[in-house]
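There are 2 protein chains.
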Amino acid sequence: MTATTAPRTRLSPAQRRTQLLDLGVSLLATRSLDQLTIDLLAEEAGISRGLLYHYFGTKHDFHEAVVRRAVDDLVEQTAPPAGGEPLDRLLASVAAYVDYVVANYEGYSSIVKAAQGGNDTLRQLYDDARTALTDRIFTADAQGDLVADTPAARLMVRGWAALSEELVLTWARDPAGVSREELLGALTAALPLLADLAR
Amino acid sequence: MTATTAPRTRLSPAQRRTQLLDLGVSLLATRSLDQLTIDLLAEEAGISRGLLYHYFGTKHDFHEAVVRRAVDDLVEQTAPPAGGEPLDRLLASVAAYVDYVVANYEGYSSIVKAAQGGNDTLRQLYDDARTALTDRIFTADAQGDLVADTPAARLMVRGWAALSEELVLTWARDPAGVSREELLGALTAALPLLADLAR
Numbered sequence: 001m002t003a004t005t006a007p008r009t010r011l012s013p014a015q016r017r018t019q020l021l022d023l024g025v026s027l028l029a030t031r032s033l034d035q036l037t038i039d040l041l042a043e044e045a046g047i048s049r050g051l052l053y054h055y056f057g058t059k060h061d062f063h064e065a066v067v068r069r070a071v072d073d074l075v076e077q078t079a080p081p082a083g084g085e086p087l088d089r090l091l092a093s094v095a096a097y098v099d100y101v102v103a104n105y106e107g108y109s110s111i112v113k114a115a116q117g118g119n120d121t122l123r124q125l126y127d128d129a130r131t132a133l134t135d136r137i138f139t140a141d142a143q144g145d146l147v148a149d150t151p152a153a154r155l156m157v158r159g160w161a162a163l164s165e166e167l168v169l170t171w172a173r174d175p176a177g178v179s180r181e182e183l184l185g186a187l188t189a190a191l192p193l194l195a196d197l198a199r
Numbered sequence: 001m002t003a004t005t006a007p008r009t010r011l012s013p014a015q016r017r018t019q020l021l022d023l024g025v026s027l028l029a030t031r032s033l034d035q036l037t038i039d040l041l042a043e044e045a046g047i048s049r050g051l052l053y054h055y056f057g058t059k060h061d062f063h064e065a066v067v068r069r070a071v072d073d074l075v076e077q078t079a080p081p082a083g084g085e086p087l088d089r090l091l092a093s094v095a096a097y098v099d100y101v102v103a104n105y106e107g108y109s110s111i112v113k114a115a116q117g118g119n120d121t122l123r124q125l126y127d128d129a130r131t132a133l134t135d136r137i138f139t140a141d142a143q144g145d146l147v148a149d150t151p152a153a154r155l156m157v158r159g160w161a162a163l164s165e166e167l168v169l170t171w172a173r174d175p176a177g178v179s180r181e182e183l184l185g186a187l188t189a190a191l192p193l194l195a196d197l198a199r
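Those protein sequence lines, which keep their order, are chains A and B. When we follow this note's numbering, the leftmost residue of the first sequence carries the number 1, and every step to the right adds one. When we follow this note's numbering, the leftmost residue of the second sequence carries the number 1, and every step to the right adds one.
It is possible that part of the hints are untrue.
Restricting the straight-line Cα-Cα distance to at most 27 Å, the calculated cross-link-like pairs of lysine-lysine (BS3-like) are [what the hints assert, rightly or not]: (1) K113(B) with K59(B); (2) K113(B) with K59(A); (3) K113(B) with K113(A); (4) K113(A) with K59(A); (5) K113(A) with K59(B).
Per label pair, the in silico range of CB-to-CB distance [as the list claims (entries may be wrong)]: (6) T131(B) with T134(A): 21 to 29 Å; (7) D196(B) with T37(A): 45 to 53 Å; (8) A148(B) with G144(A): 53 to 61 Å; (9) D34(B) with A14(A): 48 to 56 Å; (10) P81(A) with K59(B): 49 to 57 Å; (11) T150(A) with R16(B): 37 to 45 Å; (12) S48(A) with T37(B): 52 to 60 Å; (13) G46(B) with Q77(A): 35 to 43 Å; (14) D61(A) with A29(B): 32 to 40 Å; (15) D196(B) with P13(A): 37 to 45 Å; (16) D39(B) with S179(A): 48 to 56 Å; (17) I47(B) with A29(A): 51 to 59 Å.
Worth flagging that the hints you see were computed from the coordinates, not collected in a lab. All C-beta atoms, glycine included, are put in the ideal place defined by N, C-alpha and C.
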């Protein structure tokens with residue numbers, strides 16, 4: 001033990017739960033939700049299953065907490081930078097989304113699948129995240145430089161989000177000769193083109 | 001009974017099964033897959049549940065047969081006309097898709113949900129239909145007037161299909177002031193614009 005080692009302190013239950021959620025989210029990156037079991041988390045955390053049930057209730061509650069945390073991370077990590085040209089800010093946000101999907105492919109694609117398949121709680125978390133991501137486009141672009149804020153444009157931005165998700169998940173499995181830069185360029189350019197169609 | 005009534009003939013088992021599938025598909029238009037039960041079909045067809053199990057095996061087999069038939073209908077009904085300008089043919093195909101979704105909203109949206117949620121058989125049927133619909137764009141447009149046939153363009157057409165599905169399902173629930181003609185115009189114009197981004 002060296003002088004720089006932090007003193008070992010007893011974590012509060014809330015801190016311990018947060019730490020376990022961090023671990024759950026990091027395990028989910030390379031696993032599907034189905035593979036992310038209480039047993040696996042217990043083994044990785046070196047604590048008993050009983051204690052995990054104490055923190056998370058049921059397996060369903062555990063998955064809900066992990067997914068809530070994962071989509072919060074996604075929304076946070078893909079926030080556009082505060083300043084800059086609208087198209088550059090959109091590009092930065094799209095780049096962060098692509099990198100997130102690549103880094104968390106197994107978990108992210110299983111969340112999308114579970115949400116679309118009618119697990120109501122996960123669907124709500126997913127819809128909230130989708131709404132946060134698309135509403136942010138109108139907040140980040142308050143002057144309407146890229147997209148005028150009309151009901152038709154909001155409909156089109158939903159379509160663009162579906163296109164982006166499909167393209168990025170497909171590209172992450174098989175890039176088909178498309179480079180990351182080409183993908184980012186196409187997704188970024190697509191939004192104002194599509195929004196113009198909704199005018 | 002009048003002279004124009006067709007003589008009552010005994011249907012072959014294959015004809016009877018086809019007739020029951022027709023009824024199943026028409027019931028599905030305004031119902032979700034979950035609501036389309038063997039009991040309902042038996043009642044509507046005026047035959048016993050036992051006989052239906054004879055024709056379709058399990059409820060799962062029944063749903064598979066109905067979905068197979070429904071997606072075949074979708075692919076057939078949205079076939080582009082044989083002649084005409086590429087963009088007009090695309091518009092006709094998109095219009096048929098929008099009208100199909102509106103006329104079969106409950107059943108179609110429940111098929112999409114079941115397929116995306118990981119029912120493997122339904123997912124395969126749905127993926128096959130999606131592939132048939134998107135591959136057809138390259139067959140119908142063999143000269144590449146709208147979309148050059150490259151791996152990047154095939155990726156982009158998948159994205160356009162996801163965008164179209166999301167937009168049409170959302171619009172069918174709430175048009176948000178967007179007319180059918182505006183929707184058709186935007187979806188049709190979007191394909192060559194998006195494909196250009198993949199060049």
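- request: Against the structure, test the hints numbered earlier, and report the numbers of the ones violated in rising order.
  value: As far as the earlier hints go, 8, 9, 11, 12, 13, 15 are violated by this structure, in ascending order.
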